[in-house]
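Visitor: Sequence order for the protein chains is A and B.
Sequential numbering of the first sequence, starting at 1, is according to our numbering.
Sequential numbering of the second sequence, starting at 1, is according to our numbering.
Hints in this document: simulated from the structure, not taken from any laboratory.
Some clues are possibly wrong.
If several chains are the same, the list does not tell them apart, and a pair holds so long as it fits within one copy or across any two.
Listed next, the in silico SDA-like pairs over lysine to any residue satisfying Cα-Cα at most 20 Å (straight line) [stated by the list, open to error]:
#1 LYS66 with THR20
#2 LYS66 with ALA24
#3 LYS58 with LEU9
#4 LYS66 with THR51
#5 LYS58 with THR94
#6 LYS58 with GLU42
#7 LYS66 with VAL10
#8 LYS58 with ASP78
#9 LYS58 with VAL104
#10 LYS66 with THR50
#11 LYS66 with ARG86
#12 LYS58 with VAL110
Here's the letter readout for the chains.
There are 2 protein chains.
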Amino acid sequence: MASRTATELVHPDREQLRFTAVLAALSDPVRLAIVARLAEVEPDGELACTTFALPVSKSTQSGHFKALREAGVIRQRDEGTRRLNRLRRDDLDTRFPGLLDLVVPQGRAVIAGW
Amino acid sequence: MASRTATELVHPDREQLRFTAVLAALSDPVRLAIVARLAEVEPDGELACTTFALPVSKSTQSGHFKALREAGVIRQRDEGTRRLNRLRRDDLDTRFPGLLDLVVPQGRAVIAGW
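Chain A on its own, in the form it takes in the complex (with noise of 0.2 Å):
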């Protein structure tokens, strides 16, 4: 098998990203929650995948990770045997001003009934 490198992680560019996509991976509690834990961390703040306290399997969590990645959410990178996740801000907001504002509030309170 072979070992994590930052070359295996896809990310779409700015200009790659789509509402849709955006909307579909956003459609989900465990990733609203992600998003509102990593927004809390911004502008430069990262967290390894292992600081979340996530009510499901670890693989179901890489899966969040990965499906919010792919969309354009998240920016994910390797460091050692951490990954570590940041919330691209700038990239939403420029695309589609407003989204983050509204969603992070229903991801702390995803959190907040945990």
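Given the coordinates of chain A, assemble chain B onto it according to the supplied hints.
Guide: Just chain B, lined up with the frame of chain A:
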């Protein structure tokens, strides 16, 4: 086969609307286009399903309307042989302020691209 009756049409109450379900319903270009068309005839306008010139089959179209209705984005009612659709602007603006304002221009862009 039973004739169409209004009682078949299930609509969630305003309090039952879920953000993730609404986002999922909106995460499709055809459904965004439907929302944008309905936004043109607000507040009291209703459009029959048959008046939407959508680039999909009739059955696919019906599925899209149903998805929007079940998520609480539109209200449907039958009048004779026509099924009429109306945007649930008040409910959506109350529960998720700003969402429709963000979504409608995206739907217009979809239509412009057809």
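Visitor: Indicate, hint by hint, whether the structure satisfies it.
Guide: Status of the hints after comparison with the structure:
1. LYS66 with THR20: both (16 Å within a copy, 18 Å between copies)
2. LYS66 with ALA24: Answer is both; intra-copy 13 Å and inter-copy 18 Å each pass.
3. LYS58 with LEU9: within (18 Å within a copy, 39 Å between copies)
4. LYS66 with THR51: For LYS66 and THR51, the Cα distance is within 20 Å only inside one copy (16 Å; across copies 39 Å).
5. LYS58 with THR94: For LYS58 and THR94, neither the intra-copy (32 Å) nor the inter-copy (36 Å) Cα distance is at most 20 Å.
6. LYS58 with GLU42: Neither, since 24 Å and 46 Å both go past 20 Å.
7. LYS66 with VAL10: within (9 Å within a copy, 34 Å between copies)
8. LYS58 with ASP78: within (17 Å within a copy, 47 Å between copies)
9. LYS58 with VAL104: neither (23 Å within a copy, 37 Å between copies)
10. LYS66 with THR50: within (14 Å within a copy, 39 Å between copies)
11. LYS66 with ARG86: within (13 Å within a copy, 36 Å between copies)
12. LYS58 with VAL110: within (19 Å within a copy, 37 Å between copies)
The structure is inconsistent with the numbered hints 5, 6, 9, although it conforms to all the rest.
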